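Listed below, chain by chain, are the residues.
Number of protein chains: 2
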Amino acid sequence: MIRGLNHIGIAVENLDAAVALWQTATGGRVVHRETVAEQRVEVAVIEIGSLHVELLRPTSEDSPIFKFIAARGPGIHHIALQADSTQAELDRMKSQGVRLIDETARAGAEGTRVGFVHPKAVGGVLLEVVEARKG
Amino acid sequence: MIRGLNHIGIAVENLDAAVALWQTATGGRVVHRETVAEQRVEVAVIEIGSLHVELLRPTSEDSPIFKFIAARGPGIHHIALQADSTQAELDRMKSQGVRLIDETARAGAEGTRVGFVHPKAVGGVLLEVVEARKG
Numbered sequence: 005m006i007r008g009l010n011h012i013g014i015a016v017e018n019l020d021a022a023v024a025l026w027q028t029a030t031g032g033r034v035v036h037r038e039t040v041a042e043q044r045v046e047v048a049v050i051e052i053g054s055l056h057v058e059l060l061r062p063t064s065e066d067s068p069i070f071k072f073i074a075a076r077g078p079g080i081h082h083i084a085l086q087a088d089s090t091q092a093e094l095d096r097m098k099s100q101g102v103r104l105i106d107e108t109a110r111a112g113a114e115g116t117r118v119g120f121v122h123p124k125a126v127g128g129v130l131l132e133v134v135e136a137r138k139g
Numbered sequence: 005m006i007r008g009l010n011h012i013g014i015a016v017e018n019l020d021a022a023v024a025l026w027q028t029a030t031g032g033r034v035v036h037r038e039t040v041a042e043q044r045v046e047v048a049v050i051e052i053g054s055l056h057v058e059l060l061r062p063t064s065e066d067s068p069i070f071k072f073i074a075a076r077g078p079g080i081h082h083i084a085l086q087a088d089s090t091q092a093e094l095d096r097m098k099s100q101g102v103r104l105i106d107e108t109a110r111a112g113a114e115g116t117r118v119g120f121v122h123p124k125a126v127g128g129v130l131l132e133v134v135e136a137r138k139g
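Taken in order, these protein sequences are the chains called E and B.
When we follow the numbering used here, the leftmost residue of the first sequence carries the number 5, and every step to the right adds one.
When we follow the numbering used here, the leftmost residue of the second sequence carries the number 5, and every step to the right adds one.
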């Protein structure tokens with residue numbers, strides 16, 4: 005079952021500049037920084053009350069985030085939904101004909117299990133399904 | 005103070021089709037429908053656990069949503085933050101040099117008070133500040 009939002013992912017060109025802009029505009033603060041080598045992104049998570057915004061800077065030109073910025077400019081990249089089980093959601097979607105990028109959940113940041121839905125499934129919005137690490 | 009997310013706004017071309025796609029993909033359901041004449045949009049709100057997604061269909065070619073879709077295609081249009089006081093947030097932002105669309109809070113849907121931050125203030129993301137109706 006989907007419980008709500010896990011985070012919103014935003015593609016940025018300059019991570020320190022984006023962190024400063026978001027902190028000033030929202031009063032939020034950085035609660036996590038990480039480089040995810042597999043995705044070629046550097047990540048800063050801003051906590052704004054109960055909302056987590058994930059700022060994503062590409063670390064190389066073959067990063068999906070680099071390609072996104074080249075095509076559309078910086079901006080909102082994906083919406084991540086919080087699920088009890090990522091695999092159960094992917095299985096449910098597949099059985100209902102929803103087009104997926106990942107049919108099998110895979111490892112995400114901070115010990116999570118994640119999977120992506122194809123943007124064509126929901127009218128141009130990239131959805132991620134996230135299951136928090138157990139325990 | 006900003007408490008977290010109020011909703012995510014998504015620009016769509018066909019509202020019934022978008023509602024069906026979102027319901028199928030997420031298991032969410034429609035909790036509100038409304039036409040906002042002033043903004044020339046028809047709105048359907050999908051509740052997905054604790055997340056509210058606002059699907060926005062332009063009702064005329066001078067709708068901001070029509071222009072957004074013409075320029076970028078359908079997709080995520082804005083992030084709405086939940087505030088104790090929209091005007092207090094706009095005042096705080098202005099005093100810190102954050103570029104605003106609305107310096108004065110105005111009436112939004114369902115009795116809310118809303119204001120928009122300029123997308124240039126936070127790297128290409130349109131932020132809305134929302135204060136729920138009192139009482």
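Treat the hints with care, since some could be wrong.
Pairs involving identical chains hold if they fit within one copy or between any two copies, as the list cannot separate such chains.
[Unchecked claim] With a straight-line cut-off of 20 Å between C-alpha atoms, the simulated SDA-like cross-links for lysine to any residue are:
id, residue 1, residue 2
1, Lys-124, Asn-18
2, Lys-98, Glu-135
3, Lys-71, Val-34
4, Lys-124, Leu-19
5, Lys-124, Phe-72
6, Lys-124, Gln-100
7, Lys-71, Arg-117
Quick caveat, the hints were computed from the structure, so don't treat them as lab data.
Only a predicted model underlies this, so the values are computations on that prediction, with no experimental measurement involved.
Exercise for the section: Of all the hints given earlier, name the ones this structure violates by number, lowest first. Expected result: Violated hints: 3, 7; rest satisfied.
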